[in-house]
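Protein chains: 2
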Amino acid sequence: MEKEISQAVIRRLPRYYRYLGDLLHAGVERISSNELSVKMHVTASQIRQDLNNFGGFGQQGYGYNVPYLYEEIGKILGLNHRHNVIVIGVGNLGHAIANYISFERLSFTMIGAFDVNPELKGKKLGNVEVQLVDEIPEFLKTHDVDLAALTLPKESAEAVTQKLIANGVKAFWNFAHVDLDVPEGIVVQNVHLSDSLMQLSYNINQLKD
Amino acid sequence: MEKEISQAVIRRLPRYYRYLGDLLHAGVERISSNELSVKMHVTASQIRQDLNNFGGFGQQGYGYNVPYLYEEIGKILGLNHRHNVIVIGVGNLGHAIANYISFERLSFTMIGAFDVNPELKGKKLGNVEVQLVDEIPEFLKTHDVDLAALTLPKESAEAVTQKLIANGVKAFWNFAHVDLDVPEGIVVQNVHLSDSLMQLSYNINQLKD
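These protein sequence lines map, in sequence, to chains A and B. When you line the first sequence up against this note's numbering, it's residues 7 to 215, in that order. When you line the second sequence up against this note's numbering, it's residues 7 to 215, in that order.
Just chain A, with the same shape it has in the complex (with noise of 0.2 Å):
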């Protein structure tokens, strides 16, 4: 657990964890890595690689503890804890994501929404009450937040974002289409839509071909 583990496994391991939780859930106890090969469309042998990266899980001859390989994973992504979680900017991306996030169950929970809509202060997002992003600093001396989800215009995500990092936030869930310009030892995993939607604009495009 101590060495370092490329991104690129780190990016496959939600995939691995979303399967497994699906054969959690239809009631299957074990799997080999072949029969998790075909499931997932990767080969055996990429299996056994990325999962060795944490120190192996299968057995010869009897293939991989559903239960406990999810849960082990899980800890490996963070899942056991719990995480607090703002949202800033609430349009309907901020409802998507607020709704995304409670209904999940995986270990996030929403303490606060902001936006810079006066008309919006006092509504409901899902349990809390909206507050004015003027009030973040304030928020934030008596709440630990963990990630803060930026679901607002790409116009004012650079300011907020510096703002709530003044303010100790370490981690950012970026919605906006802006590449953030943070300092060392800030988390951001940005969702580009924009850069996605093109991507499959390419793509479509080839089809035509």
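Treat the hints with care, since some could be wrong.
What the hints assert, rightly or not - Taking lysine-lysine pairs in the BS3-like style, the calculated list, with each CA pair at most 25 Å apart, reads:
id: 1; chain 1: A; residue 1: 176; chain 2: B; residue 2: 176
id: 2; chain 1: B; residue 1: 129; chain 2: B; residue 2: 160
id: 3; chain 1: A; residue 1: 147; chain 2: A; residue 2: 176
id: 4; chain 1: B; residue 1: 147; chain 2: B; residue 2: 176
id: 5; chain 1: A; residue 1: 129; chain 2: B; residue 2: 130
id: 6; chain 1: A; residue 1: 45; chain 2: B; residue 2: 160
id: 7; chain 1: B; residue 1: 45; chain 2: B; residue 2: 81
id: 8; chain 1: A; residue 1: 127; chain 2: A; residue 2: 147
id: 9; chain 1: A; residue 1: 214; chain 2: B; residue 2: 176
id: 10; chain 1: B; residue 1: 130; chain 2: B; residue 2: 160
id: 11; chain 1: A; residue 1: 129; chain 2: A; residue 2: 169
id: 12; chain 1: A; residue 1: 169; chain 2: B; residue 2: 45
id: 13; chain 1: A; residue 1: 214; chain 2: B; residue 2: 147
id: 14; chain 1: A; residue 1: 147; chain 2: B; residue 2: 129
id: 15; chain 1: A; residue 1: 130; chain 2: A; residue 2: 169
id: 16; chain 1: B; residue 1: 147; chain 2: B; residue 2: 130
id: 17; chain 1: B; residue 1: 176; chain 2: B; residue 2: 160
id: 18; chain 1: B; residue 1: 45; chain 2: A; residue 2: 160
id: 19; chain 1: B; residue 1: 169; chain 2: A; residue 2: 214
id: 20; chain 1: A; residue 1: 176; chain 2: B; residue 2: 130
id: 21; chain 1: A; residue 1: 169; chain 2: B; residue 2: 214
id: 22; chain 1: A; residue 1: 176; chain 2: A; residue 2: 160
id: 23; chain 1: B; residue 1: 176; chain 2: A; residue 2: 45
id: 24; chain 1: B; residue 1: 169; chain 2: B; residue 2: 129
id: 25; chain 1: A; residue 1: 214; chain 2: B; residue 2: 81
id: 26; chain 1: A; residue 1: 147; chain 2: A; residue 2: 129
id: 27; chain 1: B; residue 1: 176; chain 2: B; residue 2: 81
id: 28; chain 1: A; residue 1: 147; chain 2: A; residue 2: 130
id: 29; chain 1: A; residue 1: 127; chain 2: A; residue 2: 169
id: 30; chain 1: A; residue 1: 129; chain 2: B; residue 2: 129
id: 31; chain 1: B; residue 1: 45; chain 2: A; residue 2: 45
id: 32; chain 1: B; residue 1: 214; chain 2: A; residue 2: 81
id: 33; chain 1: A; residue 1: 169; chain 2: A; residue 2: 147
id: 34; chain 1: B; residue 1: 147; chain 2: B; residue 2: 129
id: 35; chain 1: A; residue 1: 130; chain 2: B; residue 2: 130
id: 36; chain 1: B; residue 1: 129; chain 2: A; residue 2: 130
id: 37; chain 1: A; residue 1: 160; chain 2: A; residue 2: 130
id: 38; chain 1: B; residue 1: 169; chain 2: B; residue 2: 130
Honestly, the hints are just simulated from the structure, not real lab data. Since we're looking at a predicted model, the values are computed, not measured.
Given the coordinates of chain A, work out where chain B should sit on it, guided by the hints.
Here is chain B on its own, set in the frame of chain A:
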């Protein structure tokens, strides 16, 4: 333009397009690969290599002509074609995506929206009236649809996708937390929010060590 471009390059193109759009918006007429490199935090040689895949565009001693390069990358990405989109699943995420598509004005037009919930029938999503998923085959007889945005729960995503494919839809922007099983010649672009959130969770966990 005839040679095969790697998906890694294609994944980076939207980011170039985004930065060039910002430059254009700011009235910048030309930029060197070095200047662009500083802005984008990638090496100048990476930029030159990427753009050389499409025949260059740069001129020694001049750099890149911003409006020209913006337009050319737009063409490569297929953004000069209009794409008709239908949205399947009119929850919060469906609303967010519908709003996003019309707001971004790339080259995408939402021409239909569908849900399984009879109570939503006839309600407006943007400019279109929500229809029932059962009405999709009839709709597809009279409308050209370039892509379907799947913003529905994973339990129904697979069945709806098969129905759409059987009725001629060839491209999917998939937000359901499932890897769709599609035949050759069908394009799927996944936005797996749960995978993204888990990757963020892992990286938050690493911060604490």
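Going through the hints against the structure:
The straight-line distance between the Cα atoms of residue 176 of chain A and residue 176 of chain B is roughly 41 Å, outside the 25 Å bound, and the hint therefore fails. Between residue 129 of chain B and residue 160 of chain B the alpha-carbon distance is near 23 Å, which keeps this suggested pair within the 25 Å criterion. Among the hinted pairs, residue 147 of chain A with residue 176 of chain A is consistent with the structure: their alpha-carbon atoms are about 14 Å apart, no more than 25 Å. Distance hint between residue 147 of chain B and residue 176 of chain B is fulfilled; the C-alpha atoms sit about 14 Å from each other, no more than 25 Å.
Restraint check: the Cα-Cα separation between residue 129 of chain A and residue 130 of chain B comes to about 23 Å, which is no more than 25 Å; the hinted pair holds. Between residue 45 of chain A and residue 160 of chain B, the direct Cα distance comes to roughly 16 Å. Compliance with the 25 Å bound is thereby established for this hinted pair. Simply put, residue 45 of chain B and residue 81 of chain B have alpha-carbon atoms about 23 Å apart, close enough for the 25 Å limit, and the pair holds. This hinted pair checks out: residue 127 of chain A and residue 147 of chain A have alpha carbons roughly 20 Å apart, not beyond 25 Å.
In summary, the hint linking residue 214 of chain A to residue 176 of chain B is supported, as the alpha carbons are separated by about 10 Å, within the 25 Å threshold. Note on residue 130 of chain B and residue 160 of chain B: the hinted pairing holds, with a Cα-Cα distance of about 24 Å set against a maximum of 25 Å. Proposed proximity of residue 129 of chain A and residue 169 of chain A is supported: the alpha carbons are some 23 Å apart, at most 25 Å. Taking the CA atoms of residue 169 of chain A and residue 45 of chain B, the gap is about 22 Å. The hint holds against a cut of 25 Å.
About 20 Å separates the Cα atoms of residue 214 of chain A and residue 147 of chain B, which keeps this hinted pair within 25 Å; it holds. Between residue 147 of chain A and residue 129 of chain B the alpha-carbon distance is near 43 Å, which puts this suggested pair outside the 25 Å criterion. The hinted pair formed by residue 130 of chain A and residue 169 of chain A meets the criterion: a straight-line CA distance of about 24 Å does not exceed 25 Å. Restraint check: the Cα-Cα separation between residue 147 of chain B and residue 130 of chain B comes to about 22 Å, which is no more than 25 Å; the hinted pair holds.
Between the alpha carbons of residue 176 of chain B and residue 160 of chain B the distance comes to roughly 19 Å, so the proposed pair stays at or under 25 Å and holds. In summary, the hint linking residue 45 of chain B to residue 160 of chain A is supported, as the alpha carbons are separated by about 16 Å, within the 25 Å threshold. The suggested pairing of residue 169 of chain B with residue 214 of chain A holds, with an alpha-carbon distance near 21 Å, which does not exceed 25 Å. A C-alpha spacing of about 39 Å is found between residue 176 of chain A and residue 130 of chain B, which places the hinted pair above 25 Å, so the restraint is violated.
At most 25 Å may separate the alpha-carbon atoms for a hinted pair to count; residue 169 of chain A and residue 214 of chain B meet this at roughly 21 Å. Distance check on the hinted pair: residue 176 of chain A and residue 160 of chain A sit about 19 Å apart at the alpha-carbon level, within 25 Å; holds. At roughly 23 Å between alpha-carbon atoms, residue 176 of chain B and residue 45 of chain A fall within 25 Å of each other, so this suggested pair holds. For the suggested pair residue 169 of chain B and residue 129 of chain B, the alpha carbons sit about 23 Å apart, so the restraint of at most 25 Å is met.
About 14 Å separates the Cα atoms of residue 214 of chain A and residue 81 of chain B, which keeps this hinted pair within 25 Å; it holds. About 22 Å separates the Cα atoms of residue 147 of chain A and residue 129 of chain A, which keeps this hinted pair within 25 Å; it holds. The straight-line distance between the Cα atoms of residue 176 of chain B and residue 81 of chain B is roughly 20 Å, inside the 25 Å bound, and the hint therefore holds. A C-alpha spacing of about 22 Å is found between residue 147 of chain A and residue 130 of chain A, which places the hinted pair at or below 25 Å, so the restraint holds.
Between the alpha carbons of residue 127 of chain A and residue 169 of chain A the distance comes to roughly 20 Å, so the proposed pair stays at or under 25 Å and holds. For the suggested pair residue 129 of chain A and residue 129 of chain B, the alpha carbons sit about 23 Å apart, so the restraint of at most 25 Å is met. About 42 Å separates the Cα atoms of residue 45 of chain B and residue 45 of chain A, which puts this hinted pair outside 25 Å; it is violated. A threshold of 25 Å between alpha carbons decides the hint, and for residue 214 of chain B with residue 81 of chain A the separation of about 14 Å falls inside it, so the pair holds.
Of the pairs offered as hints, the one joining residue 169 of chain A and residue 147 of chain A holds, with about 13 Å between alpha carbons and a cut-off of 25 Å not exceeded. Using a Cα cut-off of 25 Å, the hinted pair residue 147 of chain B and residue 129 of chain B holds, with the two alpha carbons roughly 22 Å apart. For the suggested pair residue 130 of chain A and residue 130 of chain B, the alpha carbons sit about 23 Å apart, so the restraint of at most 25 Å is met. Restraint check for residue 129 of chain B and residue 130 of chain A: the C-alpha separation of about 23 Å stays at or below 25 Å, so the hint holds.
A threshold of 25 Å between alpha carbons decides the hint, and for residue 160 of chain A with residue 130 of chain A the separation of about 24 Å falls inside it, so the pair holds. The suggested pairing of residue 169 of chain B with residue 130 of chain B holds, with an alpha-carbon distance near 24 Å, which does not exceed 25 Å.
Hint compliance for this structure: hints 1, 14, 20 and 31 are not met, and every other hint is.
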